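Number of protein chains: 2
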Amino acid sequence: MSKWGTIATWRMAHEGVVKASKLLAENGTAGDAVETLINEVEAFPFYKSVGYGGLPNEEGVVEMDAAFMDGDTLAQGAVGGIQNVKHAVSVARALSHQHYNSFRVGEGATKFAMKNGFEMTNMLTDRAKARWQKRLKELQATDKPYDGHDTVGAITLATSGSMAAGTSTSGLFMKKAGRVGDSPLSGSGYYVDSTIGGAAATGLGEDIMKGVLSYEIVRRMGEGETPQDACDHAVYPFIEKLKKRYGKAGEFSLVAMNNQGEWGTATNVEFTFSVATSDELARILMANPGPDHTTVIEPVTQAWLDAYEKRIHAPIE
Amino acid sequence: MSKWGTIATWRMAHEGVVKASKLLAENGTAGDAVETLINEVEAFPFYKSVGYGGLPNEEGVVEMDAAFMDGDTLAQGAVGGIQNVKHAVSVARALSHQHYNSFRVGEGATKFAMKNGFEMTNMLTDRAKARWQKRLKELQATDKPYDGHDTVGAITLATSGSMAAGTSTSGLFMKKAGRVGDSPLSGSGYYVDSTIGGAAATGLGEDIMKGVLSYEIVRRMGEGETPQDACDHAVYPFIEKLKKRYGKAGEFSLVAMNNQGEWGTATNVEFTFSVATSDELARILMANPGPDHTTVIEPVTQAWLDAYEKRIHAPIE
Chain A
1 MSKWGTIATW RMAHEGVVKA SKLLAENGTA GDAVETLINE VEAFPFYKSV GYGGLPNEEG
61 VVEMDAAFMD GDTLAQGAVG GIQNVKHAVS VARALSHQHY NSFRVGEGAT KFAMKNGFEM
121 TNMLTDRAKA RWQKRLKELQ ATDKPYDGHD TVGAITLATS GSMAAGTSTS GLFMKKAGRV
181 GDSPLSGSGY YVDSTIGGAA ATGLGEDIMK GVLSYEIVRR MGEGETPQDA CDHAVYPFIE
241 KLKKRYGKAG EFSLVAMNNQ GEWGTATNVE FTFSVATSDE LARILMANPG PDHTTVIEPV
301 TQAWLDAYEK RIHAPIE
Chain B
1 MSKWGTIATW RMAHEGVVKA SKLLAENGTA GDAVETLINE VEAFPFYKSV GYGGLPNEEG
61 VVEMDAAFMD GDTLAQGAVG GIQNVKHAVS VARALSHQHY NSFRVGEGAT KFAMKNGFEM
121 TNMLTDRAKA RWQKRLKELQ ATDKPYDGHD TVGAITLATS GSMAAGTSTS GLFMKKAGRV
181 GDSPLSGSGY YVDSTIGGAA ATGLGEDIMK GVLSYEIVRR MGEGETPQDA CDHAVYPFIE
241 KLKKRYGKAG EFSLVAMNNQ GEWGTATNVE FTFSVATSDE LARILMANPG PDHTTVIEPV
301 TQAWLDAYEK RIHAPIE
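In the order they appear, the protein sequences are chains A and B. Heads up: the first sequence is residues 1 to 317, going by our numbering. Heads up: the second sequence is residues 1 to 317, going by our numbering.
Chain A with its partners taken away, still in its complex shape (with noise of 0.2 Å):
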């Protein structure tokens, strides 16, 4: 049997891993995984950050990044600042089958959604309202204002040695109108060559672009590195260098898989994240910076499951 495999930043992802391998061991396709992996969390009204149910910018409207890459061909497409649409990363995929226009932002992006028939919607739920309003309360006695930015990043390897990537976030919460994080840019948010491996990211784009971390984990891989030595060493020499030239460093985490459906991941904060390959079920891990430039890895625990379902679930008092 050929291998297959995916991975995916976040616990919410879990369910959406879970899909695109069952499409995976089918002989289902890189993109059609990715694009089903993401679709699932972008659909789940309780994760905050993708999709519907996800956090509005400062104004109060859920504008939406994602990306999608063919690493076959290395099409891309991508879309900024889009609204109204449930499923950004699928309008993202369509985007990737033009040679010009492919990364539309703004009404441009939303009114190329509209036209080809792409699910509209309202995206803010009654719940991401009221998150809203309360950190608009907050904000009288606080001035950091950011904070949540978990993008669902994920790369997909399908039984024909096929790759995908894909990404999708509302941002970060509270951002200004039309900022746009790192998910929809290629090298940053998200890169992958079938004849070498993926990589995406999620965190403060802000950062994450100083570094181009996607695509410098995937040239890590091309030059023989396992994806766990290129996560570690194209992530923490950055934090490093980050804190000592910028200041300071945002969080970010990192997750990657080569075209033989090994992994690996790199953090500065504490991360969940959802691997599934023909060799091993699929599963939710931890991961945490650990000494010397590594990342600890462990199962998830069920305390920490449970103490997850009650707090997405938890009223917004």
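No lab work stands behind these hints: they were computed from the structure. Be careful, since some hints might not be right.
Any copy will do: because identical chains look the same in the list, a pair fits if it lies in one copy or spans two.
[Said to hold, decoys possible] No more than 25 Å apart at the CA atoms, straight line, and that leaves these computed lysine-lysine pairs for BS3-like:
1. Lys115 with Lys137
2. Lys86 with Lys129
3. Lys111 with Lys137
4. Lys19 with Lys310
5. Lys241 with Lys115
6. Lys310 with Lys243
7. Lys243 with Lys129
8. Lys310 with Lys137
9. Lys137 with Lys22
10. Lys134 with Lys310
All figures in this text were calculated on a predicted structure; none of them were measured in a lab.
With chain A fixed as given, assemble chain B onto it according to the hints.
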């Protein structure tokens, strides 16, 4: 005397290179120099791909992309699809001072410029409008709507050793609303690290993004390659890869300078650029792809310059 230098894409950058050179020779900062250089191009109405006089999108609206990067801190600012702002690169530079929300697109970008006192003006000149109307008519007879994507991309090295990068463009002529190219994308349109050097791109952004070429050139310089070798090694194999994998490659050109003021360029099309350093007077050169993944660089001829002057001022018929 400490070395300084600057390199920028296209003949149109030359007057800006001369201005930036004076600034750098008098120990001006790399950031001021790159902004001054690009502002000069943005303000000149006869350059039809940047700033005032830039060609509009399909709907007749001038939408601009720009970026600024500080090679000391790696801070970046960028705008995509911004409207009515005279100096898009200056808006990008202002954004680079923010840790959050440093890349803004569409209406959000335009609002930021307005709120922060940037000069706003209708960027559609009569001349650009005439070209657009002419093209609308031609489009009834052709299926190849896109050409003209001449970004000004520039790198500066100050006597202090600091470096900066900047880009500005009105993007692909007749682009769809909200289309964003490589110019505001870290690693694709630009990248600079004062401990190494910088690179910037012009050409079909959709393809430049597929290779993250500016980052790759800087990375290669960081491994000790000369700017010319880094350009040749990053660009030509990628063009072959793109042709093989994607089936075609658009036109693009890159320039690079390291922190010693050495420079290089690579291109798959006739490409002019302007360069000046503490060792060489500002001059316009022409690059063409040479044999075996090399670049042929020669002084631009007076005949070429004369024809250029005539062309940019010719009536639109």
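Going down the list of hints, with the structure as the test:
1. Lys115 with Lys137: Between copies only: 23 Å across, 38 Å inside.
2. Lys86 with Lys129: within (17 Å within a copy, 36 Å between copies)
3. Lys111 with Lys137: Intra 33 Å, inter 24 Å, cutoff 25 Å: inter-copy only.
4. Lys19 with Lys310: within (23 Å within a copy, 61 Å between copies)
5. Lys241 with Lys115: Intra 45 Å, inter 33 Å, cutoff 25 Å: neither.
6. Lys310 with Lys243: Result: close neither inside a copy nor across copies, 35 Å intra and 51 Å inter.
7. Lys243 with Lys129: This pair counts as neither: shortest intra-copy Cα distance 35 Å, inter-copy 47 Å.
8. Lys310 with Lys137: within (24 Å within a copy, 61 Å between copies)
9. Lys137 with Lys22: neither (44 Å within a copy, 51 Å between copies)
10. Lys134 with Lys310: within (19 Å within a copy, 61 Å between copies)
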